[in-house]
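Chains as they are written, first to last, in the numbering used here: chain A, 1300 to 1712; chain B, 1300 to 1712.
Check each hint, because a few of them may be wrong.
Computed cross-link-like contacts, DSSO-like style, restricted to lysine-lysine with a CA-CA straight-line distance of at most 27 Å [stated by the list, open to error]:
id, chain 1, residue 1, chain 2, residue 2
1, A, K1443, A, K1395
2, B, K1519, A, K1477
3, B, K1477, A, K1519
4, B, K1519, A, K1661
5, B, K1588, A, K1432
6, A, K1395, B, K1678
7, B, K1452, A, K1663
8, B, K1661, A, K1443
9, B, K1452, A, K1678
10, A, K1432, B, K1651
11, A, K1666, B, K1432
12, B, K1661, A, K1519
13, B, K1678, A, K1432
14, A, K1519, A, K1594
15, B, K1666, A, K1651
16, A, K1661, B, K1452
17, B, K1432, A, K1651
18, A, K1678, B, K1588
19, A, K1443, B, K1678
20, A, K1432, A, K1443
21, B, K1661, A, K1452
22, A, K1452, B, K1663
23, B, K1536, B, K1588
24, B, K1395, B, K1443
25, B, K1678, A, K1452
Derived coverage of chain B by chain A (criterion: at least 3 residues anywhere in the stretch with Cβ under 8 Å from a Cβ of chain A; other residues may be distant) [said to hold, decoys possible]:
id, segment
26, 1404-1416
27, 1515-1527
28, 1639-1653
Hints listed in this document are in silico derivations from the structure and should not be mistaken for laboratory results. All C-beta atoms, glycine included, are put in the ideal place defined by N, C-alpha and C.
2 protein chains.
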Amino acid sequence: MRHDFFDILIREGFESLLLSFAPTPIEMQSISDAYGLVLGEDILSPENLPPANRSCMDGYAVHARDVFGATESNPAYLEQCAQLRVDEAPNFTLKKGDCAAIPTGGTLPDGADAVVMVEHTQELGAGTIEIRKSSTPGEHSMLKGEDAANGEKIYEAGHSVRFQDVGLLAALGIGSVKTHRKPRIGIISTGDELVEIEAPPRVGTIRDVNSHTLRCLVSKAGGIPVNYGIVPDKLQKLESTLAKAIAENDLILLSGGSSVGMRDLTVRAIEAMADSEILAHGVAISPGKPTILGKAGSKPVLGLPGQVTSVQIVMLSIVMPFIRHLMGQRNSFDCRDRPILLAELERNTPSKQGREDYVRVKLKHRKGNIPLAEPIYGKSGLLKTMIQADGLMIIPSDMEGSYAGEQIQVWLI
Amino acid sequence: MRHDFFDILIREGFESLLLSFAPTPIEMQSISDAYGLVLGEDILSPENLPPANRSCMDGYAVHARDVFGATESNPAYLEQCAQLRVDEAPNFTLKKGDCAAIPTGGTLPDGADAVVMVEHTQELGAGTIEIRKSSTPGEHSMLKGEDAANGEKIYEAGHSVRFQDVGLLAALGIGSVKTHRKPRIGIISTGDELVEIEAPPRVGTIRDVNSHTLRCLVSKAGGIPVNYGIVPDKLQKLESTLAKAIAENDLILLSGGSSVGMRDLTVRAIEAMADSEILAHGVAISPGKPTILGKAGSKPVLGLPGQVTSVQIVMLSIVMPFIRHLMGQRNSFDCRDRPILLAELERNTPSKQGREDYVRVKLKHRKGNIPLAEPIYGKSGLLKTMIQADGLMIIPSDMEGSYAGEQIQVWLI
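All chains, full assembly: derive it from the sequences and hints.
And the structure:
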């Protein structure tokens, strides 16, 4: 039995279905290549970082209380008891009134709790050092384990590896980590009217735009785009291409079927796959409503709208977070990680209740004030609204619009 | 003669020097690979897009005035004069009172100015079509040239190619464009104390963190990182590695020299290169002040601070925009393109006048209010401040800090 095409889910319901798909398997990855991937394991620090109390400066290791209140005109005088090398583990305890010359990165002797920079000292000869600046405990030094303590859980599985994290892993000597494999995303364009972009223009043909934008956005999310070209509106051909793509990928994106006939074809092709099911026939967002979710075995298949703008909005709002979920990222649909700019809405912007509206906006920067956001209108078959847009304003489904002058959040795209 | 180490430029002055370096050469690039690169040419539209007035829906092409006011209970009746195919260029003018069946993507006949969706019509037989919905000119149709007019300048050189742009180029049949070549960025770590991350920890050694974070951030900006490993503090060895890196790259990043001795070594190595000059000995930002800018021939050489946090801040604020500049991007230092979140500062945050302060902040999200931003303190030799940070708050050099409760802009990193 065919489902009703008006069986539309709210976005949250659609997302719940997507979250039921399992992430890709984990594998070892060198930290150089782990940037942007997602950890598949908790990571415990294998040692203290720094491994010992260390100096941040060239100078003298001191007891801070010995130089408290020292100034240019009222210096303190200490006896130098050692000249430490950077690769030396001092085997003595610094006595009160003593100091030890120490290079940047050198290990502080026991007892020393601060470092005075060499610029604020003067050698007076016979081992006496004049200290011209006061110090406080911990000054110009780093404490053992301050960055990471031995055994401390520094990352949890599901954490997306940032550049800073690559730095911390390197500092701890962790050369490789378990991350989720990059998902392969099969892209199939469907439609008799579609032609490759090199084709000369002919009446009734449209160049295949979507496979190009999908490719960019799949890569941006962290997936590996795999292109299956243009498939005409023939069920048998679509079925065979879809079966191949399902075998070779972690997620399949079909784009093209916006007309009722095409949507029907997409549904029938998915239903013809082994162990398949249609999970949703649409999602209550605009543009982007005619988005079909199915599965074949354990593999998700998304039938995306064919309209060029609709498919871009669905990619940004739903498919890219889903790819991050497949990559193992926790809370990948959490909007809080989106780059948001606060702006003032330039014009009243109506919206239909019952659907989440993704209004394209153009930012007009102003001196000394937040930018103005101009809503851009145009049909979802046109490219120009996304071309002109700096970002998106989301009007929730329970609202009828936003008013000129309101402060709005613009999601930078 | 050696320059004075306290010869520090303000950030804007430092940037002006960077902007004097020429971008990389341009080359042809397929649009699939042009995403994220920068156009090296203006692009004119080679045709009208759409090429003709087109239908966005399956339905009937009509004169909008013929169906004005039509409703379910008060329909309009039109005579169907044609059944258009999607690949057909109609060679007739639609007469008043007539309609033509048209598929999605079909070309409208002359005279037709709107499309009524098939869902709002009924075939009554004998060529009569009942129209149950009013229409307005332009409805469910796209006009010739609405996305791009033949000959229109759609992009200027210096524009960074977004996913939407790849879509528009594809739609216009433009398969390749001239973009600036990805710059190769040589990375040299310096310091006797540095060891590769696989090395077992020993007193006085530090694992080479910076070359790993630099690699990530160079890639993120769009450059190709090229690693030259760790060079000890020997002038001759540094000179030979630097000369090789200059020959092979568009920009060289030296990292490690924070101590006065190391900085001196970096300066001497740059000065030893052919046709070299030291352009700046520092920049008035914190952390990150000890950043050296030199050039050898036409190639820029940056001596970055060795402290792990300082080098990350300098990369984000200065080097990454500079890489974008080398890639040809216009206004690459323009802060307005940064993702910014508005937040409320949680605590008073003092700052020294005379330097731009990059305070790491952690965001605490709240329901129904902008997030709280907690400033994170810690030495720039520690990794933890950047690990904990969600973003940066920039305190300008003419201010002494920001107050708790102030609305601040957090640059998401």
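Checked hints:
This hinted pair checks out: K1443(A) and K1395(A) have alpha carbons roughly 22 Å apart, not beyond 27 Å. With a C-alpha separation of about 22 Å, the suggested pairing of K1519(B) with K1477(A) holds against the 27 Å cut-off. A threshold of 27 Å between alpha carbons decides the hint, and for K1477(B) with K1519(A) the separation of about 22 Å falls inside it, so the pair holds. Our distance criterion of 27 Å between C-alpha atoms is met by K1519(B) and K1661(A), whose separation comes to about 25 Å.
Taking the CA atoms of K1588(B) and K1432(A), the gap is near 22 Å; set against the 27 Å cutoff, the hint holds. Simply put, K1395(A) and K1678(B) have alpha-carbon atoms about 26 Å apart, close enough for the 27 Å limit, and the pair holds. Restraint check: the Cα-Cα separation between K1452(B) and K1663(A) comes to about 21 Å, which is no more than 27 Å; the hinted pair holds. Distance check on the hinted pair: K1661(B) and K1443(A) sit about 23 Å apart at the alpha-carbon level, within 27 Å; holds.
Taken as a hint, the K1452(B) and K1678(A) pair is honoured in the structure, with Cα atoms around 22 Å apart against an allowance of 27 Å. The suggested pairing of K1432(A) with K1651(B) holds, with an alpha-carbon distance near 18 Å, which does not exceed 27 Å. For the hint linking K1666(A) to K1432(B), the alpha-carbon distance of about 47 Å lies beyond 27 Å, and the restraint is violated. Between K1661(B) and K1519(A) the alpha-carbon distance is near 25 Å, which keeps this suggested pair within the 27 Å criterion.
Distance hint between K1678(B) and K1432(A) is fulfilled; the C-alpha atoms sit about 19 Å from each other, no more than 27 Å. This hinted pair checks out: K1519(A) and K1594(A) have alpha carbons roughly 24 Å apart, not beyond 27 Å. The suggested pairing of K1666(B) with K1651(A) holds, with an alpha-carbon distance near 25 Å, which does not exceed 27 Å. Distance hint between K1661(A) and K1452(B) is fulfilled; the C-alpha atoms sit about 19 Å from each other, no more than 27 Å.
Between K1432(B) and K1651(A), the direct Cα distance comes to roughly 19 Å. Compliance with the 27 Å bound is thereby established for this hinted pair. Distance hint between K1678(A) and K1588(B) is unfulfilled; the C-alpha atoms sit about 51 Å from each other, more than 27 Å. Between K1443(A) and K1678(B), the direct Cα distance comes to roughly 13 Å. Compliance with the 27 Å bound is thereby established for this hinted pair. For the suggested pair K1432(A) and K1443(A), the alpha carbons sit about 25 Å apart, so the restraint of at most 27 Å is met.
For the hint linking K1661(B) to K1452(A), the alpha-carbon distance of about 19 Å falls within 27 Å, and the restraint holds. At roughly 21 Å between alpha-carbon atoms, K1452(A) and K1663(B) fall within 27 Å of each other, so this suggested pair holds. Proposed proximity of K1536(B) and K1588(B) is supported: the alpha carbons are some 26 Å apart, at most 27 Å. With a C-alpha separation of about 22 Å, the suggested pairing of K1395(B) with K1443(B) holds against the 27 Å cut-off.
Restraint check for K1678(B) and K1452(A): satisfied, since their Cα atoms lie roughly 22 Å apart, inside the 27 Å limit. By the rule of at least three residues with a Cβ nearer than 8 Å to a Cβ of chain A, the coverage given for the segment 1404-1416 of chain B holds, with 3 such residues. Restraint check on the segment 1515-1527 of chain B versus chain A: 4 residues with Cβ-Cβ distances below 8 Å, three needed, restraint holds. Counting residues of the segment 1639-1653 of chain B whose CB falls under 8 Å from any CB of chain A gives 3; the rule of at least 3 is met.
The structure is inconsistent with the numbered hints 11 and 18, although it conforms to all the rest.
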